[in-house]
Amino acid sequence: MDKVIVSPSPHVHSPASTDRIMIDVIIALLPALLVSFFFYGWSQLLVLAVSCVSCVGLEWLIARFLFKRPAVFSCTSALVTGVLLAMNLPCTTPWWIVLIGALVAIGIAKMSFGGLGQNIFNPAITGRVFLLVSFPVQMTNWTMPANSFVSVDAVTGATPLGLIKEGLKAGQSIGDILAANGLEMSGLLRDIGGSSGEVSAIALLVGFCYLLVRKVVKPWIPLSIVATIALIAGVFHGIDPAHFTGIGFNLLTGGVMLGALFMATDYVTSPMSNWGGVIYGVGIGLIVMMIRYFGSYPEGMSFAILIMNCFVPLINRAFHQKKYGRA
Amino acid sequence: MSKLTFSIGGIHPADSKIARERKIEVLPLPDRVYVSMFQHLGAMAKPVVAVGDAVKAGQIIAEPGGFISAYIHSPVSGTVRSIGPRKDLAGFMQMHIEIEVQGDEWAEGIDLTTDLVTSVPEDRDFILDRIKMNGVVGLGGATFPTHVKLNPPPGKVAECLILNGAECEPYLTSDYRILLERTDEIVVGAAIMQKVLGGCRCVIGIEENKPEAIAAVRASVARLGYPSMEVAVLKKRYPQGGEKQLIDAVMHRQVKSGGLPIDVGAVVQNVATSLAVYEAVQKNKPLVTNVLTVTGDVLAPDRQHNYLFRIGVPLSFIAQYAGGVPEDAVKIVSGGPMMGKAIANLDATTVKGSSSILYLGGKTSRKEEGPCIRCGRCADACPMGLEPFLLKSLYRAGDVPALEQNAAQDCIECGCCQYSCPSYIPLLDNIRMAKGQVMAVIRARNAKK
Numbered sequence: 000m001d002k003v004i005v006s007p008s009p010h011v012h013s014p015a016s017t018d019r020i021m022i023d024v025i026i027a028l029l030p031a032l033l034v035s036f037f038f039y040g041w042s043q044l045l046v047l048a049v050s051c052v053s054c055v056g057l058e059w060l061i062a063r064f065l066f067k068r069p070a071v072f073s074c075t076s077a078l079v080t081g082v083l084l085a086m087n088l089p090c091t092t093p094w095w096i097v098l099i100g101a102l103v104a105i106g107i108a109k110m111s112f113g114g115l116g117q118n119i120f121n122p123a124i125t126g127r128v129f130l131l132v133s134f135p136v137q138m139t140n141w142t143m144p145a146n147s148f149v150s151v152d153a154v155t156g157a158t159p160l161g162l163i164k165e166g167l168k169a170g171q172s173i174g175d176i177l178a179a180n181g182l183e184m185s186g187l188l189r190d191i192g193g194s195s196g197e198v199s200a201i202a203l204l205v206g207f208c209y210l211l212v213r214k215v216v217k218p219w220i221p222l223s224i225v226a227t228i229a230l231i232a233g234v235f236h237g238i239d240p241a242h243f244t245g246i247g248f249n250l251l252t253g254g255v256m257l258g259a260l261f262m263a264t265d266y267v268t269s270p271m272s273n274w275g276g277v278i279y280g281v282g283i284g285l286i287v288m289m290i291r292y293f294g295s296y297p298e299g300m301s302f303a304i305l306i307m308n309c310f311v312p313l314i315n316r317a318f319h320q321k322k323y324g325r326a
Numbered sequence: 000m001s002k003l004t005f006s007i008g009g010i011h012p013a014d015s016k017i018a019r020e021r022k023i024e025v026l027p028l029p030d031r032v033y034v035s036m037f038q039h040l041g042a043m044a045k046p047v048v049a050v051g052d053a054v055k056a057g058q059i060i061a062e063p064g065g066f067i068s069a070y071i072h073s074p075v076s077g078t079v080r081s082i083g084p085r086k087d088l089a090g091f092m093q094m095h096i097e098i099e100v101q102g103d104e105w106a107e108g109i110d111l112t113t114d115l116v117t118s119v120p121e122d123r124d125f126i127l128d129r130i131k132m133n134g135v136v137g138l139g140g141a142t143f144p145t146h147v148k149l150n151p152p153p154g155k156v157a158e159c160l161i162l163n164g165a166e167c168e169p170y171l172t173s174d175y176r177i178l179l180e181r182t183d184e185i186v187v188g189a190a191i192m193q194k195v196l197g198g199c200r201c202v203i204g205i206e207e208n209k210p211e212a213i214a215a216v217r218a219s220v221a222r223l224g225y226p227s228m229e230v231a232v233l234k235k236r237y238p239q240g241g242e243k244q245l246i247d248a249v250m251h252r253q254v255k256s257g258g259l260p261i262d263v264g265a266v267v268q269n270v271a272t273s274l275a276v277y278e279a280v281q282k283n284k285p286l287v288t289n290v291l292t293v294t295g296d297v298l299a300p301d302r303q304h305n306y307l308f309r310i311g312v313p314l315s316f317i318a319q320y321a322g323g324v325p326e327d328a329v330k331i332v333s334g335g336p337m338m339g340k341a342i343a344n345l346d347a348t349t350v351k352g353s354s355s356i357l358y359l360g361g362k363t364s365r366k367e368e369g370p371c372i373r374c375g376r377c378a379d380a381c382p383m384g385l386e387p388f389l390l391k392s393l394y395r396a397g398d399v400p401a402l403e404q405n406a407a408q409d410c411i412e413c414g415c416c417q418y419s420c421p422s423y424i425p426l427l428d429n430i431r432m433a434k435g436q437v438m439a440v441i442r443a444r445n446a447k448k
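As you go down the protein sequences, you meet chains A and D in turn.
Just so we're aligned: 86 in numbering that gives the first Met the number 0 is position 87 of the first sequence, and the numbers increase by one with no gaps anywhere.
Just so we're aligned: 148 in numbering that gives the first Met the number 0 is position 149 of the second sequence, and the numbers increase by one with no gaps anywhere.
Check before you lean on any hint, since a few could be wrong.
Claimed, not checked - Computed from the model, here is a short list of chain A residues facing chain D with C-beta under 7 Å:
#1 His10
#2 Val11
#3 Ile20
#4 Leu211
#5 Met271
#6 Ser295
#7 Lys322
Worth flagging that the hints you see were computed from the coordinates, not collected in a lab.
A virtual CB, placed ideally from N, CA and C, is assigned to each residue, including glycine.
Work the whole structure out from these sequences, hints included.
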């Protein structure tokens, strides 16, 4: 009786923990990681390793020596950022550029706001966008997917979205561009030139289903992003198929799947309520399509998520839970 | 009929009803009992006996100290040895009457037979008087005096009596056992309360994980044939047995913030209260016994028990009789693991609302608090639709007006938020404090009016 704990209720706790949630996210990314490893081989693994080690290491160093509060350090959360950053980079990215990306992601986007839970912008995307605008050559040097263990010579080339943008500028129609580059729908589900995490929509979906089953995320944000993109692409492509790409093409190319499933659903930088999530998702979909159809960049997922990140505090103010007995 | 449930929030903690198959055993009498004067909601009861008085079981030893208060009866026969302050289970000093047990003689006029009396008295005042004089209070947790709750203010009409057999707290099995072993008496008790409330309908709500109890009560209702009484199967979901949640589940109505169940035509009574009402009205037997579960994850299944105990028996006596406190118990709780009170003092006595001695071990519910990752699980879990993450931040910022605006005072302290938080943030600890501050502001404002 002299050793019992006395504390207020509740006296039991769910099995949930922050570390467990982060590990679930990493498990969910494994299928896509395996696919990218299959296509891009050891160079992909190197980018992943550099990204993870530098993210975790930097977070620890900052927590230990700048915050002087080691408790701020979250190994699993930094690991998720590391994995996501790696999946957003071409497999040919030099190690020092990856390190700079990690420094921006962890150092600026996350820790300068106070660490886990405090950041406004998605750390991995901030890192990627910083690298994209700083090192445009290295960051758009996309290796075409090929079984890296069979073919010896890696082929580099532009992404489908990049090809379309260039082709349209040159006055070609979409149909011609697609035919000239062998971008048939059947191939898009399987392998797409792009950052390593973007190559297989199916692998990403499998991982996301795991998160749904584990109740780590809700489907509303990805659904509203996908629905918005599909709606806009459907209307524009329906009106002018020669100048505007179609629904399937827009959903499966670029970072839409990776972004919608794993980046836009980041707890910290997305709205808390379900309806808030829908508004946020619609906003992302709108911005992506505006950038793709009318902007100068071929791809806009990263920018769209960062822009909508800014609106999250406002969205949280506008959408509250439905309260009991206060209709 | 499809299974009913409440519409906002809720969680699914592990059931852990380890003691569910253990039949109710009668706990023997100790040498001494300590009867608290503060075992109901409202004013403290006033002793009406003196040191040295001989008392019989069922004799009144304290009278109500106000309108919302209750009579208290001696649970044993013997001699009053002392009247004075003594520590309750949380360590607070409360007035207790100490009685040395001598024999087991009951007061006059109490029917101790087990024959079922099914005819409901016609006279409403007679029923209310019996309930009041026999000290019946709500046994679902709040211990609100039952005669007050069954007597709605003028202008308010009860449409539905909801009998709460949800027992949604993990581990607890006392309600389940009485639903199985005292089925008919509970059903008659419900019919009596229906009569008092002017013949409203009655719904007996039982969670789906108790199919035997559902079948037993359905059979009893059919056999006894009282009008407009039915059993509703509830989904297994916590806090299904919360008064506001149960009303939502059964009647699809929500009690307004600051309002009472009767405002939407509902009166909720626990099944154990129904049994107490039956005994008070049909047998003139005061509320001096109740059923309590001795259980826990560190207690071997064969050492788990459901006891019929005399109210006033020290917790330590029950613990000793049940084989002592298990070595690896880290926490001892009176009540369920979600809303029960941690026991600081096992020498404290049982009260009318005592429902368990729960030994919890190893896995503590508290770890060092991590940062909020804004996952929103607390808000998804809150059955009142509150945003615990927000209330926590507002409390820590000391913003009482914003706390009131965000309905901190609506919190029912069910613990769903803190249970769900992956960062182990003590959300309910904070919201309890916030609620206290907001209530103080509201009371001060009302006093000015």
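For each hint, the structure was consulted:
1. His10: holds (4 Å)
2. Val11: holds (4 Å)
3. Ile20: Since the shortest Cβ distance to chain D is 6 Å, the answer is holds.
4. Leu211: With Cβ-Cβ at 14 Å, over 7 Å, it is violated.
5. Met271: Interface hint status for Met271 of chain A: holds (4 Å vs cutoff 7 Å).
6. Ser295: This hint is violated: Ser295 of chain A lies away from chain D, its Cβ roughly 34 Å from the closest one there, beyond 7 Å.
7. Lys322: holds (4 Å)
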